[in-house]
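Position chain G against the provided structure of chain P, taking the given hints into account.
Those sequence lines, one after another, are chains P and G. Position one of the first sequence corresponds to residue 0 (numbering that gives the first Met the number 0), numbered consecutively onward. Position one of the second sequence corresponds to residue 0 (numbering that gives the first Met the number 0), numbered consecutively onward.
One should not assume that every hint holds.
[Said to hold, decoys possible] No more than 20 Å apart at the CA atoms, straight line, and that leaves these computed lysine-lysine pairs for PhoX-like:
1) P/Lys155 <-> P/Lys103
2) P/Lys80 <-> G/Lys239
3) G/Lys190 <-> G/Lys239
4) P/Lys56 <-> G/Lys190
5) P/Lys56 <-> G/Lys239
6) G/Lys190 <-> P/Lys205
7) P/Lys249 <-> P/Lys290
8) G/Lys121 <-> G/Lys27
9) G/Lys29 <-> G/Lys121
10) G/Lys1 <-> G/Lys27
11) G/Lys1 <-> P/Lys277
12) P/Lys144 <-> P/Lys155
13) G/Lys121 <-> G/Lys97
14) P/Lys249 <-> P/Lys289
15) P/Lys56 <-> G/Lys230
16) P/Lys91 <-> P/Lys12
17) P/Lys174 <-> P/Lys233
18) G/Lys230 <-> G/Lys97
[Said to hold, decoys possible] Computed, partial: chain P to chain G, Cβ under 8 Å:
19) Phe33
20) Met57
21) Gly217
22) Phe269
[As the list claims (entries may be wrong)] To list a few chain G residues with every Cβ distance to chain P over 10 Å, as calculated:
23) Ser89
24) Thr95
25) Lys121
26) Asp232
Bear in mind the hints are in silico, worked out from the structure with no lab data behind them. Beta carbons are placed, not taken as given, at the ideal position from N, Cα and C, and that holds for glycine.
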Amino acid sequence: MSKSLEIEICGVKFNNPIITASGTFGYGIEYARFIDLNKLGGVSVKGISLNETTGNKMPRIMETNAGMLNAIGLQNVGVEKFIKEKLPLLKKYDTRIIVNFWGKSIEEYVEVARILDETDIDMLEMNISCPNIKEGGIAFGTDPKMTYSVVYETKKVIKNKPLIVKLSPNVTDIKLFGKVAQEAGADAISAINTLLGMAINIETKKPYISNITGGLSGPAIKPVAIRMVYELYKTVSIPIIGIGGIMNYKDVVEFYLAGASAVQIGTANFVNPEISIKIVTELEDYLKSKKVDKITDLTGKVIA
Amino acid sequence: MKGKVVNNLMLNDKYYLMEIESEDFVNKAKPGHFMMVKAQQYDYLYDPLLRRPFGVCDIERGRFKILYVLIGKGTNLLSQIKTGSQIEFSEPLGNTFKFNNEKTVALVGGGVGIAPLLFLAKYLHNQDVLVDLYYGGKTEDDILLIDEFKKYCQHIEVTTENGKVGKKGIVTSPLSENIKKYEKIYACGPKRMLQATSTLAINHNIPIEVSLDERMACGMGACLGCLVYVKNDQGEIEQKRCCVEGPVFDGARIVWE
Numbered sequence: 000m001s002k003s004l005e006i007e008i009c010g011v012k013f014n015n016p017i018i019t020a021s022g023t024f025g026y027g028i029e030y031a032r033f034i035d036l037n038k039l040g041g042v043s044v045k046g047i048s049l050n051e052t053t054g055n056k057m058p059r060i061m062e063t064n065a066g067m068l069n070a071i072g073l074q075n076v077g078v079e080k081f082i083k084e085k086l087p088l089l090k091k092y093d094t095r096i097i098v099n100f101w102g103k104s105i106e107e108y109v110e111v112a113r114i115l116d117e118t119d120i121d122m123l124e125m126n127i128s129c130p131n132i133k134e135g136g137i138a139f140g141t142d143p144k145m146t147y148s149v150v151y152e153t154k155k156v157i158k159n160k161p162l163i164v165k166l167s168p169n170v171t172d173i174k175l176f177g178k179v180a181q182e183a184g185a186d187a188i189s190a191i192n193t194l195l196g197m198a199i200n201i202e203t204k205k206p207y208i209s210n211i212t213g214g215l216s217g218p219a220i221k222p223v224a225i226r227m228v229y230e231l232y233k234t235v236s237i238p239i240i241g242i243g244g245i246m247n248y249k250d251v252v253e254f255y256l257a258g259a260s261a262v263q264i265g266t267a268n269f270v271n272p273e274i275s276i277k278i279v280t281e282l283e284d285y286l287k288s289k290k291v292d293k294i295t296d297l298t299g300k301v302i303a
Numbered sequence: 000m001k002g003k004v005v006n007n008l009m010l011n012d013k014y015y016l017m018e019i020e021s022e023d024f025v026n027k028a029k030p031g032h033f034m035m036v037k038a039q040q041y042d043y044l045y046d047p048l049l050r051r052p053f054g055v056c057d058i059e060r061g062r063f064k065i066l067y068v069l070i071g072k073g074t075n076l077l078s079q080i081k082t083g084s085q086i087e088f089s090e091p092l093g094n095t096f097k098f099n100n101e102k103t104v105a106l107v108g109g110g111v112g113i114a115p116l117l118f119l120a121k122y123l124h125n126q127d128v129l130v131d132l133y134y135g136g137k138t139e140d141d142i143l144l145i146d147e148f149k150k151y152c153q154h155i156e157v158t159t160e161n162g163k164v165g166k167k168g169i170v171t172s173p174l175s176e177n178i179k180k181y182e183k184i185y186a187c188g189p190k191r192m193l194q195a196t197s198t199l200a201i202n203h204n205i206p207i208e209v210s211l212d213e214r215m216a217c218g219m220g221a222c223l224g225c226l227v228y229v230k231n232d233q234g235e236i237e238q239k240r241c242c243v244e245g246p247v248f249d250g251a252r253i254v255w256e
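With the rest of the complex left out, here is chain P (with noise of 0.2 Å):
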């Protein structure tokens, strides 16, 4: 692998910015079987809770126009199984491990938070922007106010790992959020997470997910994406993981451009479990053929 992708986030070094995304890649396990997990640059594992939650009720998933609704609801392990039984076989492998975890209060984030700090993974990444849970998740990531105090009480117990703050793009304005979260602490963020969107069956006239409503992700929310990173850049001074509806190299490079220091692709792994590996060795020879030393130097380098 070659110098020109490596990359160093909060002084956490990755060997590529290639990162699969919470909620698309389990506990990164599941995929070991079809994929070299050490060619990545870092897997971010499903949101974890203090207790095992078993989500919400079938069926949970649907497909839409180039993307698809997803209405999970954030089922876990919990975060001592997660601990003890998933970590150590992600362990095995050369990437880095980021825990992106959540709770139903300040309280419970805290705790997991805190639990997670003493363990060897590498970076947090707080989730405050599920659309899919009725306590938490979103309703810490659509008021200043709560992501204020989520990522300011979290913060102060941790010690060991840089924190990311995972943003919604289900607010008005996402720069507040992204200066809040700065302010109260976050050592990087990520964004996006899932658009709240919703699909109907107009033969039965019910929606097609039980929740009714859904995160919507896949490369249909790419442009929100791209503007949200590229709002973000030019408000925050904290690195900026970019995230949305990546299906190819060419999207890491726009998500670069827009002001993304790493990327992290979802909904692509359930279209080609290869595909974040494809990604990794397509960026390679794109660098190259454009003379680009290092990825880092596309970062913000849109010319609006």
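For chain G alone, coordinates are given in the frame of chain P:
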């Protein structure tokens, strides 16, 4: 994985049978397995986005078959793929049907759910198992591949709701008349049919395995979009992923609603 489409046969206005060449896939596939198939021929097309799950319908000499029904964008695109084209698909996924030296079994299928039962019938026939098929459809268009099934089945009972082919009615009627002769039942088809067949099997204390078809995004256990609820040994309800712990489940343990 990639393979060459060697046949994409229109069976009637609704159904197609695609034959794909892939030695690698065939060597790994067992009855019950499914795969995720990419419907688009071009990498830059993202609509439809997700791959489509299909049961392995048959394998033979380095080729496998998938049976599909035209229902949306994905299957319509699949129907347009020309012979000789390359197609992308996953390796065989999920669990498989289980066997316990049963000598007489019934296969129960409905509509496109008949697909994995052909591969199963062939396998069981080759193990000297006596196989009967109960095959239900709404209309005559839903009754497919009968000549293929005849090669492996002792007795075939067809039902249609309009009665134009086979007996008029639903497939559980003829099954219930003969059910006592079977040591095991395997079923795949619409949920209501699977539920009714499972109830029959439970009432007669006959083991039943059903292959379920749930909406899937990844097909490899990551997205948690295809959950099935089943009862464990203690009678507690557990969540199982159709794509990893399934698609084949013990019909007596499924919580249908």
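Right, here's what the structure says about each hint:
1. P/Lys155 <-> P/Lys103: Judged against 20 Å, a Cα distance of about 18 Å means the pair holds.
2. P/Lys80 <-> G/Lys239: This hinted pair holds, its Cα atoms lying about 18 Å apart.
3. G/Lys190 <-> G/Lys239: holds (17 Å)
4. P/Lys56 <-> G/Lys190: Answer holds: P/Lys56 to G/Lys190 is near 17 Å, not above 20 Å.
5. P/Lys56 <-> G/Lys239: holds (13 Å)
6. G/Lys190 <-> P/Lys205: holds (19 Å)
7. P/Lys249 <-> P/Lys290: Roughly 16 Å between the alpha carbons, so the hint for P/Lys249 and P/Lys290 holds.
8. G/Lys121 <-> G/Lys27: holds (16 Å)
9. G/Lys29 <-> G/Lys121: holds (11 Å)
10. G/Lys1 <-> G/Lys27: holds (14 Å)
11. G/Lys1 <-> P/Lys277: With a Cα-Cα distance of about 15 Å, the restraint between G/Lys1 and P/Lys277 holds, given a limit of 20 Å.
12. P/Lys144 <-> P/Lys155: Judged against 20 Å, a Cα distance of about 17 Å means the pair holds.
13. G/Lys121 <-> G/Lys97: holds (14 Å)
14. P/Lys249 <-> P/Lys289: With Cα atoms ~13 Å apart, P/Lys249 and P/Lys289 stay inside 20 Å; holds.
15. P/Lys56 <-> G/Lys230: Measuring from Cα to Cα gives roughly 17 Å; hence the hint holds.
16. P/Lys91 <-> P/Lys12: holds (17 Å)
17. P/Lys174 <-> P/Lys233: holds (8 Å)
18. G/Lys230 <-> G/Lys97: At roughly 18 Å apart (the allowed maximum being 20 Å), G/Lys97 and G/Lys230 satisfy the hint.
19. Phe33: Since the shortest Cβ distance to chain G is 6 Å, the answer is holds.
20. Met57: holds (6 Å)
21. Gly217: Result: holds, 5 Å to nearest chain G Cβ.
22. Phe269: holds (4 Å)
23. Ser89: violated (8 Å)
24. Thr95: Non-interface label on G/Thr95 holds, nearest chain P Cβ at 16 Å vs cutoff 10 Å.
25. Lys121: holds (27 Å)
26. Asp232: holds (19 Å)
Comparing the model with each earlier hint shows a violation of hint 23 alone; every other hint is respected.
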